[in-house]
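> Let the hints inform the model, and build the full structure from the sequences given.
Read off the chains here:
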Amino acid sequence: MTKEELSKSFHPDEKGFYGPFGGAFIPEMLIPNIENLKKNYLKVIHSETFKKEFKSLLQDYAGRPTPLYYASRLSKKYNSHIWLKREDLTHTGSHKINNTIGQILLAREMGKKRIIAETGAGQHGVATATVCALAGLECIVYMGEIDIKRQAPNVARMKMLGAEVRAATSGSRTLKDATNEAIRDWIAHPTETYYLIGSVVGPHPYPDLVARLQSIISEESKQQFREKTGNEFPDYVVACVGGGSNAAGSFYHFLEHPQVKLIGAEAAGMGLSSGKTAASMALGETGIIHGSMTYLMQTDDGQITEPYSISAGLDYPGVGPLHAWLNKSGRAKYLSVTDKEALQAALLLTREEGIIPALESAHALAALNQMEIKPDDNVIITISGRGDKDMQTFMDQLNLV
Amino acid sequence: MNKLTNVFNHNSNLLSIYFTAGFPNADSTLHVLKALEQGGTDFVEVGIPYSDPLADGPVIQNSSSRALANGMSLKMLFDQLKELKNTVNIPVILMGYLNPILKFGIESFIENCRQVGVSGLIIPDLPYEIYLEKYQTLFEQNNISNIFLITPQTGEERIRKLDRASTSFLYMVSSAAVTGVRDGLSESQIQYFERIKNMQLKTPAMVGFGISNHKTYREVCRYAHGAIVGSAFIKHLETHGDDASEIIKFVKNLKNN
Chain A
1 MTKEELSKSF HPDEKGFYGP FGGAFIPEML IPNIENLKKN YLKVIHSETF KKEFKSLLQD
61 YAGRPTPLYY ASRLSKKYNS HIWLKREDLT HTGSHKINNT IGQILLAREM GKKRIIAETG
121 AGQHGVATAT VCALAGLECI VYMGEIDIKR QAPNVARMKM LGAEVRAATS GSRTLKDATN
181 EAIRDWIAHP TETYYLIGSV VGPHPYPDLV ARLQSIISEE SKQQFREKTG NEFPDYVVAC
241 VGGGSNAAGS FYHFLEHPQV KLIGAEAAGM GLSSGKTAAS MALGETGIIH GSMTYLMQTD
301 DGQITEPYSI SAGLDYPGVG PLHAWLNKSG RAKYLSVTDK EALQAALLLT REEGIIPALE
361 SAHALAALNQ MEIKPDDNVI ITISGRGDKD MQTFMDQLNL V
Chain B
1 MNKLTNVFNH NSNLLSIYFT AGFPNADSTL HVLKALEQGG TDFVEVGIPY SDPLADGPVI
61 QNSSSRALAN GMSLKMLFDQ LKELKNTVNI PVILMGYLNP ILKFGIESFI ENCRQVGVSG
121 LIIPDLPYEI YLEKYQTLFE QNNISNIFLI TPQTGEERIR KLDRASTSFL YMVSSAAVTG
181 VRDGLSESQI QYFERIKNMQ LKTPAMVGFG ISNHKTYREV CRYAHGAIVG SAFIKHLETH
241 GDDASEIIKF VKNLKNN
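Quick mapping for you: the protein sequence lines, in order, are chains A and B. Going by full-length UniProt numbering, the first sequence wraps up at 401, each residue one higher than the last. Going by full-length UniProt numbering, the second sequence wraps up at 257, each residue one higher than the last.
Honestly, the hints are just simulated from the structure, not real lab data. Hints are not guaranteed to be accurate.
[As the list claims (entries may be wrong)] Derived DSS-like pairs (lysine-lysine); straight-line CA-CA distance at most 27 Å:
1) A:Lys38 <-> B:Lys161
2) A:Lys15 <-> A:Lys112
3) B:Lys235 <-> B:Lys249
4) B:Lys103 <-> B:Lys82
5) B:Lys134 <-> A:Lys328
6) A:Lys51 <-> A:Lys112
7) A:Lys55 <-> A:Lys113
8) A:Lys276 <-> B:Lys103
9) B:Lys134 <-> A:Lys15
10) A:Lys333 <-> B:Lys103
11) A:Lys15 <-> A:Lys328
12) A:Lys15 <-> A:Lys38
13) A:Lys39 <-> A:Lys51
14) B:Lys161 <-> B:Lys3
15) A:Lys52 <-> A:Lys39
16) B:Lys161 <-> A:Lys15
17) A:Lys39 <-> B:Lys161
18) A:Lys38 <-> B:Lys134
19) A:Lys112 <-> A:Lys39
20) A:Lys328 <-> B:Lys103
21) B:Lys103 <-> A:Lys15
22) A:Lys333 <-> A:Lys374
23) A:Lys39 <-> B:Lys134
[As the list claims (entries may be wrong)] Label-pair ranges, simulated between beta-carbon atoms:
24) A:Pro153 <-> B:Ala69: 33 to 39 Å
25) A:Lys340 <-> B:Glu129: 43 to 49 Å
26) B:Met199 <-> A:Gln259: 55 to 61 Å
27) A:Lys374 <-> B:Glu157: 58 to 64 Å
28) A:Gly162 <-> B:Pro58: 24 to 30 Å
29) B:Lys134 <-> A:Lys43: 28 to 34 Å
30) A:Ser47 <-> B:Gln191: 33 to 39 Å
31) A:Thr191 <-> B:Asp183: 18 to 24 Å
32) A:His257 <-> B:Arg195: 49 to 55 Å
33) A:Ala133 <-> B:Ala69: 38 to 44 Å
34) B:Pro58 <-> A:Thr191: 22 to 28 Å
Even for Gly, the Cβ is constructed at its ideal location relative to N, Cα and C.
Take a look at the structure:
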């Protein structure tokens, strides 16, 4: 394949398809909104004004660029060269802020007055509430009733930031249902409302929009790696995958360079055969979730099943269509990591490097144990967020009193 | 000729009623259909329950979860509908989301629809463009009408396109909302109905979403061929169960007050 063909194959076509995945399977009520977004998103994000403001906010508000840190003790442990892309050091504590800054500028440019979002662990909700405060826009965050209980600190943060947190009380009362509620809200408020989606999921053009906004991660790491090592490319890039936004951003600028092996770590929960898992890539079949054709976990009757993971951010029964395509085409490989493996990896990073990672990011770290890394290999792992929000789980599960 | 088209050719002020298959009980489906016909319903929309019904409000969501808990599935539904032709004469359409249909196999789904005598389908998350590209031939070969939705936000050009592609009726979503019971009709809704009426479309239109009583039914009949009542009937089933005489009374009250 030529470089151009390669590039083309990892970007959606005009209808939003990555190979057989993606598209926009949405009710007629959402067509005008989606068409409007489709018409505007590239125009806006390629404009000089947007680029300037986005860059300046990423730098002065969110604290970018984030470091690419050589984890020497961890490297020794794995007898290899391990680099950490430190998204945990951004404002609000995770990569989610990259996307929300970009989309709030887009929403403002499109003249929208009311922002809605869904959240699982609350990281995207906090990042959305933050940029709404910054832009002075009304903010409503849908969150599953169960997640509201288990992520109380983030609920408090959103409220302090001025957002209204609405409980999703249908279905499993987690991220999937919060997303359903956000979509229903959008149906009911079609003109003034902007739906600020948090991952590379949903109908086209959202997966592409969010991937582009998150691509700052690999734009930086590619350059940083070159500067620090003198080598052109790392051997591996590793990131965790729920919907897959930090992984999409971490892979983005390496997609066209097949010498870089891309590894996604999804949540196996209690284990692939336990029935309590969120490994949609390993276990899912093709279907439609939230307007997108992708791998999802479903029953034999095509009902979407309730996922499970210790990490609320990976607790999603589907996966972004870009990842479904990277998996099918063989460009990226996806490994499943159990709760237990993730907890151990989090503890290891904490004790070896003094960095407490988010449980989500710990899945990426744990994937190292399943990879055959050679001593000269350079591995970039994205630490998508920090572990503050997970302290209660760590205390309980790791018997730290 | 498709049964559904026939109904529109011969009647106006049509009343269509929606209910979820397998609600309130797994074996309610045929029983409810029969009572609806006896009450004077012109055609019925049977909902295929789904775990994630994006376009539906709490009332239909809840009936959907209960139907699933009752064990309702497409396989069970088609088993029940084998008796459809022996049970009712009015046209029946199915409403359901795309994922369970794809999982069932869309060819086999359409084949089953034809065999049991389903006249049309409403698949809210199957956009017109994808229908046209992938499924139109399949639907038409089996004489199954695909029903498109239009909303207050749908542009004129798109409405004309949907009108041309439509083989039975257009489903006019009454306002920007998910399904659910609402009080009355607003000025802007009336303006929207008038706007559509003045477009003089080739296909008849039925108004749905928020139509819950005789008054709103009669009112929308001034602008469209009829109305579709969903959540209000689900609420009725919640309260009265699938008792036939109560269902007949419900329909008569709606139609004739």
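> For each hint, tell me whether it holds in the structure or not.
Verification of the supplied hints:
1. Proposed proximity of A:Lys38 and B:Lys161 is supported: the alpha carbons are some 20 Å apart, at most 27 Å.
2. Only pairs whose Cα atoms come within 27 Å are accepted, and A:Lys15 paired with A:Lys112 is accepted, the gap being roughly 24 Å.
3. This hinted pair checks out: B:Lys235 and B:Lys249 have alpha carbons roughly 14 Å apart, not beyond 27 Å.
4. For the hint linking B:Lys103 to B:Lys82, the alpha-carbon distance of about 21 Å falls within 27 Å, and the restraint holds.
5. At roughly 22 Å between alpha-carbon atoms, B:Lys134 and A:Lys328 fall within 27 Å of each other, so this suggested pair holds.
6. At roughly 19 Å between alpha-carbon atoms, A:Lys51 and A:Lys112 fall within 27 Å of each other, so this suggested pair holds.
7. As the CA atoms of A:Lys55 and A:Lys113 are separated by approximately 23 Å, the hinted pair is consistent with the 27 Å bound.
8. Simply put, A:Lys276 and B:Lys103 have alpha-carbon atoms about 22 Å apart, close enough for the 27 Å limit, and the pair holds.
9. For the hint pairing B:Lys134 with A:Lys15, the CA-to-CA distance comes to about 14 Å; that is within 27 Å, so the pair holds.
10. Restraint check: the Cα-Cα separation between A:Lys333 and B:Lys103 comes to about 26 Å, which is no more than 27 Å; the hinted pair holds.
11. For the given pair, A:Lys15 sits about 19 Å from A:Lys328 by alpha-carbon distance, which is consistent with the 27 Å threshold.
12. With a C-alpha separation of about 10 Å, the suggested pairing of A:Lys15 with A:Lys38 holds against the 27 Å cut-off.
13. Under the criterion of a C-alpha separation no larger than 27 Å, the hint pairing A:Lys39 with A:Lys51 is consistent with the structure, at around 18 Å.
14. With a CA separation close to 23 Å, the supplied pair B:Lys161 and B:Lys3 stays within the 27 Å bound.
15. For the suggested pair A:Lys52 and A:Lys39, the alpha carbons sit about 21 Å apart, so the restraint of at most 27 Å is met.
16. For the proposed pair B:Lys161 and A:Lys15, the alpha carbon gap of about 18 Å is at most 27 Å, so the pair holds.
17. Restraint check: the Cα-Cα separation between A:Lys39 and B:Lys161 comes to about 20 Å, which is no more than 27 Å; the hinted pair holds.
18. Taken as a hint, the A:Lys38 and B:Lys134 pair is honoured in the structure, with Cα atoms around 22 Å apart against an allowance of 27 Å.
19. Among the hinted pairs, A:Lys112 with A:Lys39 is consistent with the structure: their alpha-carbon atoms are about 15 Å apart, no more than 27 Å.
20. About 19 Å separates the Cα atoms of A:Lys328 and B:Lys103, which keeps this hinted pair within 27 Å; it holds.
21. Of the supplied pair hints, the one linking B:Lys103 and A:Lys15 holds, its CA atoms being roughly 22 Å apart against a limit of 27 Å.
22. Pair hint A:Lys333 plus A:Lys374 holds up; C-alpha atoms about 17 Å apart against a cutoff of 27 Å.
23. Of the pairs offered as hints, the one joining A:Lys39 and B:Lys134 holds, with about 24 Å between alpha carbons and a cut-off of 27 Å not exceeded.
24. A beta carbon spacing of about 34 Å between A:Pro153 and B:Ala69 agrees with the range 33 to 39 Å that was offered as a hint.
25. Checked against the hint of 43 to 49 Å, the pair A:Lys340 and B:Glu129 passes, with Cβ atoms roughly 46 Å apart.
26. Taking the beta carbon of each, B:Met199 and A:Gln259 are about 58 Å apart, inside 55 to 61 Å as hinted.
27. Between A:Lys374 and B:Glu157 the C-beta distance comes to about 59 Å, which sits within the given range of 58 to 64 Å.
28. Roughly 27 Å separates the CB atoms of A:Gly162 and B:Pro58, a value that falls within the hinted 24 to 30 Å.
29. The supplied range of 28 to 34 Å is met by B:Lys134 and A:Lys43, whose beta-carbon atoms lie about 29 Å from each other.
30. Between A:Ser47 and B:Gln191 the CB atoms are about 36 Å apart, so this pair conforms to the stated range of 33 to 39 Å.
31. With their beta carbons about 22 Å apart, A:Thr191 and B:Asp183 fall inside the hinted range of 18 to 24 Å.
32. For the hinted restraint 49 to 55 Å between A:His257 and B:Arg195, the CB-CB distance of approximately 54 Å keeps it satisfied.
33. Between A:Ala133 and B:Ala69 the beta carbons are some 42 Å apart, a value that agrees with the proposed interval 38 to 44 Å.
34. For B:Pro58 and A:Thr191, the hinted distance range of 22 to 28 Å is satisfied, since their beta carbons lie about 23 Å from each other.
Going down the numbered hints, you'll see the structure goes against none, and every one checks out.
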